[in-house]
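Peer 1: Chains as they are written, first to last, in our numbering: chain A, 132 to 586; chain B, 132 to 586; chain C, 738 to 986; chain D, 738 to 986.
Here are the simulated BS3-like pairs of lysine-lysine, each with C-alpha atoms no more than 27 Å apart in a straight line:
hint, chain 1, residue 1, chain 2, residue 2
1, A, Lys-260, D, Lys-923
2, B, Lys-575, C, Lys-853
3, B, Lys-185, B, Lys-284
4, D, Lys-848, A, Lys-575
5, C, Lys-791, B, Lys-572
6, B, Lys-572, B, Lys-561
7, B, Lys-337, B, Lys-153
8, C, Lys-845, C, Lys-797
9, A, Lys-182, D, Lys-923
10, C, Lys-791, C, Lys-848
11, A, Lys-185, C, Lys-983
12, A, Lys-577, D, Lys-855
13, D, Lys-773, A, Lys-553
14, B, Lys-575, C, Lys-845
15, B, Lys-260, C, Lys-959
16, A, Lys-162, A, Lys-478
17, B, Lys-575, C, Lys-848
18, C, Lys-923, B, Lys-260
19, A, Lys-575, D, Lys-853
20, D, Lys-852, D, Lys-904
21, A, Lys-284, A, Lys-185
22, D, Lys-904, A, Lys-577
23, A, Lys-248, A, Lys-284
24, C, Lys-927, C, Lys-904
Short, incomplete list of chain C residues facing chain A, as computed with Cβ under 10 Å:
hint, residue
25, Pro-741
26, Met-914
27, Ala-943
Counterexamples of contact, computed for chain B against chain C with all Cβ distances above 12 Å:
hint, residue
28, Gly-166
29, Arg-236
30, Arg-267
31, Asn-513
32, Ser-516
Note that these hints are calculated values from the structure, not bench results.
All of these numbers come straight from a predicted model, not from anything done at the bench.
Where is the CB? At the ideal position from N, CA and C, for every residue including glycine.
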Amino acid sequence: MQLSNSMTYSSSEEMMFGTARKPVVTKRGLKIGGGYVIPEIVPHPRPGSEKSMKTLLREFERANGDALERCVIVGHPCIVVENEHVFQITHNPGWGGEIAAQTARQMDEYLERYGLKAAYRSTIADLRKPDMVNMRDSDYTREVLESFNECAKYADIVSIESMGGKEIFDYSIIRNDIAGLLFSQAVLGGRDMEWLWTQIVEIAKKNGCIAGGDTDCAQANTAMFMAGGFISKDIPHTLAALSRAISAGRTLVAYECGATGPGKDCAYENPIIKSITGVPISTEGKTSACAHSDLCGNVIAAVCDLWSNEAVEYHNMFGATSPAVFTEILGYDAAAMNASIELGYQKEFQACLVTSDRYRGPHGFMLCPDNAWIIGKAVVDNNESLYARARAAAMKCGDLMLGDSQLKLTAFEKESLQSYMKDMESLPDKEEDFIDMCLKKYNKVKGFNPASYGL
Amino acid sequence: MQLSNSMTYSSSEEMMFGTARKPVVTKRGLKIGGGYVIPEIVPHPRPGSEKSMKTLLREFERANGDALERCVIVGHPCIVVENEHVFQITHNPGWGGEIAAQTARQMDEYLERYGLKAAYRSTIADLRKPDMVNMRDSDYTREVLESFNECAKYADIVSIESMGGKEIFDYSIIRNDIAGLLFSQAVLGGRDMEWLWTQIVEIAKKNGCIAGGDTDCAQANTAMFMAGGFISKDIPHTLAALSRAISAGRTLVAYECGATGPGKDCAYENPIIKSITGVPISTEGKTSACAHSDLCGNVIAAVCDLWSNEAVEYHNMFGATSPAVFTEILGYDAAAMNASIELGYQKEFQACLVTSDRYRGPHGFMLCPDNAWIIGKAVVDNNESLYARARAAAMKCGDLMLGDSQLKLTAFEKESLQSYMKDMESLPDKEEDFIDMCLKKYNKVKGFNPASYGL
Amino acid sequence: MEYPTDTSNIFTRFDINIEVARQEARKVSDDVLLQKVANCVVEGDDEEIEDVVKEAMKTKSPMEVINEGLIPGMNEVSRLWDEGVYFLPQVIVSSDTMIAGISLCEEKMGKPVEKKAKVVTHTAEGDIHDIGQVIVNALLNASGFEVINLGADVPVDEVVEACKIHKPIMVTGTALMTTTMTAFPKIAAKLKQLNLIIPFVCGGGAVSEEYVTSFDLGIWGKEASQAPGMAEDALNKASWTEMRAKWNG
Amino acid sequence: MEYPTDTSNIFTRFDINIEVARQEARKVSDDVLLQKVANCVVEGDDEEIEDVVKEAMKTKSPMEVINEGLIPGMNEVSRLWDEGVYFLPQVIVSSDTMIAGISLCEEKMGKPVEKKAKVVTHTAEGDIHDIGQVIVNALLNASGFEVINLGADVPVDEVVEACKIHKPIMVTGTALMTTTMTAFPKIAAKLKQLNLIIPFVCGGGAVSEEYVTSFDLGIWGKEASQAPGMAEDALNKASWTEMRAKWNG
Ligand code: B12
Ligand code: B12
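Using the sequences and the accompanying hints, generate a full structural model.
Peer 2: Okay, structure coming up:
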C-alpha cells in the first residue's frame with residue numbers, strides 16, 4: 132500500500148459541498164459528489180425486531196419504505212438509505228443480504244413509479260472487539276467478511292466502522308496518553324484497516340458494488356463524545372481534536388486500498404479525507420442530534436456530498452415515523468444548500484455554516500475547510516509511515532489551535548494541549564522505534580494482542 | 132377595532148429573519164425580533180402524564196429542563212420554550228399556572244448559573260368547539276379565560292389557537308366552497324378573535340405579560356395538511372393557498388386588539404402579518420417535520436424571529452430526549468442564520484431559503500417575502516371589512532399563482548383555482564350582503580350558531 | 738430577483754410526474770333523461786339536480802331514477818376518485834347531489850329507500866379533531882351506507898351504547914392525539930364483553946397500525962377512502978380477523 | 738476570510754462562563770515525606786511514586802504510608818474532581834499512581850490491604866460499549882473498592898453467578914443499546930429469585946431512569962462519577978429502595 136503523497140485539492144477554497152473531484156455513480160444512476168448534496172437517511176430497528184430475519188425484514192421494509200415515500204411526498208429528488216447492521220445481522224451473514232435485496236426492490240419500484248433516484252448503503256457491524264478475538268482469525272472475522280459478500284450483491288455501497296486499536300485507545304484516552312492514541316489509532320488501526328480493506332475492495336469489485344469507506348468512530352468519536360459539550364469534564368476538547376487529527380491518516384487507508392467513497396457519515400475526519408483524496412463524503416451534524424450531540428453541527432456540512440442523521444430509532448412521531456421525519460429535514464437542509472449552488476451563493480452559504488461553529492470549540496475549529504486542508508497537507512507531507520503522518524497531523528492541529536487567538540480555550544484545556552504537544556515532540560521519529568516503545572509500554576493492557584495486527 | 136390600513140414595511144426587501152420593526156423584550160431581557168433568530172422549542176407531554184397536575188409538572192420539569200440544559204451543552208445563547216396546553220390543563224386552569232411558575236423558576240436558575248437567557252410561552256387550549264358550545268358563554272369559555280389569568284402571572288408570553296368559524300370551515304373545505312372559507316375564517320373567525328383578544332390583551336397587561344398572538348391553525352393549517360404532499364388527493368393545494376391568504380386578515384385581528392407578537396409558530400400566515408404589523412413572528416418548517424409535513428420547509432424561515440419545531444412528544448432518542456434533540460437542531464438552524472447576519476450575507480442566505488421552495492408548491496410560493504408582502508398590501512388596501520380584506524387577499528393570491536409561469540400546477544389544480552376565482556368574483560362586495568347570503572346558505576350546517584359570533 | 742429556471746436538483750414535482758390524464762366519466766345509461774341525472778351527480782351540480790330528477794320522474798319510477806341514474810353516476814365518481822382523477826371535494830359534492838336526488842325520489846315514493854347497512858362513526862373522547870371522521874362519513878354515505886354519526890369527543894360508553902342499539906355492521910373511530918386514542922381498546926373490550934363482535938376500524942393521525950392491531954376487533958384504517966371498501970367487506974360478513982388480514986399487515 | 742469578532746449572538750461559550758478558578762491541592766500531612774507521597778498521587782506521577790514511597794517506608798510503616806499519604810492524596814483528587822477543577826484522566830492517572838503505591842506497601846507487608854468491599858461491574862450481553870464501565874471501574878478502584886470486572890458482552894447468567902460467588906455490596910451494568918439493556922431486568926429478576934437483594938446500578942447511553950426504576954433492585958446511574966458515592970451508600974447498608982429514592986426520582 133502506497134501512502135498518499137499529495138493533495139487532490141490545491142486549496143481549501145476549491146472545496147465545496149455537493150461536489151467532489153471523484154464523484155461516484157450508483158446502480159440507479161445517482162451521482163454522488165456530482166454537483167449537489169444528497170440526503171442520507173439511517174433508520175435503526177426497534178428493540179425486539181432483531182429476534183429473527185423475518186422481523187428485521189419487516190422492520191426495515193417499513194423504515195426504508197417510509198423514507199422513500201417521504202421523498203415523494205415533499206419532493207426531495209434523491210436519497211441514500213443506509214442500514215447499519217446490529218450485531219445479529221452481521222452474526223447471520225445471510226440476513227444483511229436479504230435486507231439489501233428487499234431494499235433494492237423497493238428502490239426499483241420508487242424509481243419506476245415516481246422517478247425517485249435512491250441508493251442503498253449496507254454498513255456491516257465490526258464484531259471483532261480486539262481484546263476479545265484475534266482480529267484476523269476468528270469466527271467473527273469470517274462473519275464480517277461473509278456479510279460483505281452477501282450485501283455487496285444488492286447494495287450500492289458497503290461500509291464498516293472498523294475496530295482496530297480500540298483496546299489501546301480505551302486505555303489511553305482516559306489517561307491523557309497521546310502516545311497511546313497515536314499507537315492505537317494510527318499504527319494499530321491503520322494496519323488493521325489495510326488488512327481488512329484490501330479484502331473489502333476485492334469483494335465490492337467482484338459484485339459491482341461501491342466500496343464506500345470507513346470511519347474512526349470507535350476512537351475519534353468516542354473521544355469527541357467524552358469531551359462532550361460545555362459542562363462535561365471527562366476529557367479535554369483539545370485532546371478530542373488531536374484524536375480527530377490522528378484519525379485522518381487512519382481512515383485514509385480505506386481509500387489507499389481502493390475504496391472510492393462516499394465516506395461514512397460519522398467520520399468527522401472526512402473533510403480532511405476529501406481534501407487529500409477528492410472522494411465524495413457523507414457527514415452528519417445538527418440533524419444527527421437524534422443520535423448524538425456535537426459542537427460542530429453546521430460547519431461539518433461545509434464540504435459534504437451526502438448529509439446524514441447518523442441513526443434514528445424507528446418510532447412514531449406526531450408528523451410521521453422517525454425515518455420519514457428525518458428524511459424530510461435532511462432533504463430540506465440539502466435543498467437549501469443546492470439552492471445556494473444554483474444561485475451562485477454557495478461560498479456565502481458555506482461561510483455561514485463555518486462561522487456558526489468555527490470558534491464554538493476545538494472540533495468545529497479544526498474541521499473548517501481551511502484547517503482541514505492544512506491538516507491534510509501535514510498528512511501527505513509526512514508519509515514515511517502511518518505513525519509519522521498521524522503525529523504530524525496532530526501537531527499541526529495543535530499548532531493551529533494554539534495559534535488562533537479567536538479560539539478561546541479554558542486555562543485547563545490550553546494547558547492540557549500544551550502538555551500533549553510536549554509529549555508528542557519527545558516521541559521517537561521513526562515508526563519502528565515508536566512501535567518498540569509502545570509494545571513495551573502497553574504489553575500489560577488487558578487483551579492487547581500484537582499478532583492481531585501482524586506485529 | 133380599527134382595521135389596519137397601512138404596511139409597516141414599505142417593501143419586502145426590508146424584511147429579514149431576526150429583525151422586526153417592533154421587537155418585544157421578555158422578563159429575563161430576551162429581545163425578540165431584535166436582530167437575531169432565537170429557537171423556540173415545544174415539548175409535548177406523553178400520554179398518561181395528563182392524569183394529574185403532579186404528573187404533568189414532573190413531565191414538563193423534565194422536558195423543559197432538558198431543553199434548557201441542551202442549550203448550555205452546545206452553546207445556544209438563548210431560547211423560548213412553549214408549552215401548548217392539552218385539554219386537561221386548560222380544563223383545570225390552576226394547572227397551567229403551576230406549570231408556568233415551575234418553568235419560570237427553572238429559567239431563573241439557568242440564567243443565574245450559566246447566563247442562559249430563556250423565556251416561556253403558555254399556549255392555552257381553545258376548548259370551545261363552535262358546534263358544541265356557545266363561544267361566548269360556556270364553561271369552556273370561562274376556563275379558557277381563567278387559564279390566561281393563571282398563566283399570565285408567570286409566563287413571558289401567552290397565546291392561543293382560536294377556533295372561531297371552525298364549524299363552517301369543516302363543512303366548506305371538503306366542498307370546494309370558497310365562500311364558506313371566507314365566511315368561516317374571516318367573518319366568523321375575525322369576530323370571535325376580536326371578542327376574545329380584547330380580553331386576552333387586558334389580562335396580559337394586568338400581569339405584565341406579553342400578549343403573543345394567534346394562528347389560523349384550525350382552518351388554514353387543516354387545509355394545508357389536507358392538501359398534503361405530492362400524492363394526496365384530499366383538496367387542491369391552490370385551495371389551501373387561498374385559505375392561507377384568507378387567514379392573514381383573521382390572525383391580524385389579535386394585533387389590532389393590542390397583541391404585540393411574537394406570533395404563534397404554526398401561523399404560516401405570519402410573514403404576511405409581519406409585513407403589515409412589524410411584530411416579531413415565530414415560524415416552523417423543516418424542523419417541525421416531527422409534528423407535520425409541509426412543502427415550505429425552508430422558505431417559511433425567510434423572515435422569522437423565532438424558529439420552532441411545532442411540537443415533539445417527550446421520549447428518549449439515542450442522542451438525548453426529544454426536546455433536547457430538537458433544541459439542538461433548532462439552535463443550529465438559528466446559528467447559521469445569525470452567522471449570516473454577522474457576515475452581512477443575510478440576503479444571500481434568505482435567497483437560498485426562498486429558492487428552495489418558491490416553486491415547490493403554492494404554499495411555498497405565496498409565502499415568499501415578496502408575495503407575502505403583496506398579499507398584505509391587498510389586506511390593508513381593502514380594509515372596509517373583515518370580509519372585504521380577506522376576499523381581496525385571496526384574489527390577489529390567486530392572481531399571483533396564475534401569473535407566474537415558473538409555478539407549475541397540474542391541470543386539475545389550475546382549473547380548480549380558476550373556478551375559485553370565478554366564484555369569488557361573483558360574491559357580493561358588501562360584508563352585510565355577504566353575511567346575509569351566508570346565514571341563509573349555512574343555516575342547516577350542524578351546530579352553527581350565529582349568536583356565538585354576535586350575528 | 739431572478740430565480741433559477743432549473744430547479745430539478747432542489748426539488749422534484751412528483752405530483753406532475755404522476756399527473757393522471759383527464760378522463761371523462763363513462764356513459765351509464767342509453768336513456769337521455771337518466772344520463773342527465775347521472776351527469777348531474779358526476780358534476781356535483783346540486784342546483785340542477787332538482788329539475789333533472791323531477792323531469793326524469795315524469796317518465797320513470799323513483800327507484801329507476803335512483804338505481805339507473807343517481808347510483809350509477811355516483812359509481813362513476815368513485816371510479817374517477819379511485820383512479821386519481823377526482824379529488825375529495827368532488828366526491829363530497831357529488832355525494833351531496835346524489836343524496837339530494839334520492840330525497841326527491843323518497844318524497845315521491847313516500848318512504849325512504851333501504852340503505853345497505855348501518856355504520857357507527859365517532860371521534861374519540863377528549864378529541865375534537867374530526868375532519869377525518871367527516872370525510873369517512875361522507876364517503877360511507879356516498880356508498881349507500883347509513884351513517885350513525887356520533888360526532889366528536891364521544892365518551893366510550895356512548896359508543897358502546899350506540900352499537901347495542903343500532904347493531905351496525907362496522908364501527909369506526911378517529912383519534913389524532915396519543916392521549917385520546919387510548920379510548921379505542923376500552924371500547925373494543927366492552928364490545929367483546931357484550932358479545933358485540935363488530936369490526937372496529939380505527940384511524941387518525943396518532944393511530945398506528947401496531948397500536949390498533951394490538952387489541953381484538955381492531956382494524957387499522959390508513960386512509961378515509963378505505964372506509965367504503967371495508968364496510969362492503971363487513972356487509973359480506975367478513976370477520977374482523979379476515980378484515981385485519983386483508984387491510985393491515 | 739475574516740470572521741466576525743462578536744460571536745455572542747451565534748453561540749455562547751458556557752464552558753468559559755463557568756470556568757472554575759484553579760485550586761491547589763490542600764496540604765494533607767505535616768510530615769514532609771508523607772506529603773511528598775500525597776503530592777505524587779495528586780499529580781499522578783507514576784514514575785516518581787516508587788522512589789517516594791520507598792523513601793517514606795524507611796521511617797513509616799506501610800499502613801501509615803497508605804493511610805496518611807496515598808489515601809489522603811487520592812481524597813484531594815476526588816475533591817478537586819467534585820469541584821470541577823480536575824478532569825477524568827487526572828483522576829484515573831492519580832488512581833493508577835495510588836494503586837502502584839499501595840502495591841509497594843503490600844509487598845512490604847507481605848499481604849494485601851483490605852478493600853472496603855466488593856462491587857461487580859459488567860457491560861450487557863451483546864454490547865461492547867464498555868467505556869462507561871471502564872470509567873466506573875477506575876473510580877471505584879480509586880475509592881478503595883474491590884472491583885470484580887466482568888468486562889463487556891457478559892451473559893445474564895454470568896453476572897448472576899458472579900454475585901452468588903462474590904456477594905458484592907453492589908452490582909453495576911452498562912448498556913448503550915436499546916437492544917441490549919433488556920438484559921438488566923432479567924438479571925434483577927434472577928438475583929431476587931436467589932434472594933440476592935443487591936442494589937443494581939444501571940447506566941449507559943440507552944438506559945433511562947424510567948426504564949431502570951421499572952424493575953426491582955434497579956437504580957439508575959446518570960454519571961459514572963456517582964458510582965463511588967453509591968457504593969459508599971451500599972457499604973453503609975442503604976437498601977436499594979433507599980438508594981433509588983436518593984439518587985433517582
Ligand atoms: C387541524 C388540527 C387541529 C384543529 C382540529 C379541527 C378539527 N375539527 O379537526 C384544531 C385547531 C381545532 C386543533 C386543536 C388541537 N390540536 Co390539533 N392538529 C390539527 C392538525 C394541524 C391537522 C389535523 C388534520 O385535520 N389532518 C387532516 C385529516 C384529514 O387527517 P386525519 O384525521 O388523520 O385523517 C386521515 C387518516 O388518519 C384517515 N382516517 C382518520 N380517521 C379514520 C377513520 C377510518 C375508519 C379510516 C378508514 C381512516 C381514517 O383518513 C384521513 C386521510 O384520508 C394536526 C397536525 C398533524 N400532524 O396531524 C394537529 C394535531 C393533531 N393537533 C394537536 C394538538 C396537540 C392540538 C391541541 C391540543 C392544540 C392546543 N394546544 O390547542 C388542540 C386539541 C383540542 C382537543 N381537545 O382535541 C397535535 C396532537 C398531538 C398528539 N398526537 O397528541 C397535532 C398532531 C399537532 C402537533 N404536531 O402537535 N388541531
Ligand atoms: C464509541 C461508540 C462506539 C464504539 C464503542 C467502543 C467501546 N468500547 O465502548 C464502537 C465503534 C465500537 C461502537 C460500535 C457500535 N455501535 Co456505537 N457508539 C459509540 C458512541 C459514538 C459513543 C459511546 C460512548 O463511548 N460514549 C461515552 C461514554 C462515556 O458514555 P456512556 O457509556 O453512556 O457512560 C456515561 C453514562 O451513561 C454513565 N454510565 C455508564 N455506565 C454506567 C454505570 C454506572 C454504575 C453509573 C453510575 C453510570 C454509568 O457514565 C458515563 C458518563 O459519566 C455512541 C453514540 C452515543 N450517542 O452514545 C454510539 C452508539 C451507542 N452505538 C450504536 C451502535 C448502533 C453501534 C453498532 C451496532 C454500530 C455498527 N453498526 O457497527 C456497534 C455495536 C457493536 C456492539 N455489538 O455493541 C448506537 C446504539 C443505538 C442503540 N441505542 O441501540 C449509538 C447510540 C450510535 C447511534 N446513535 O446510532 N460504538
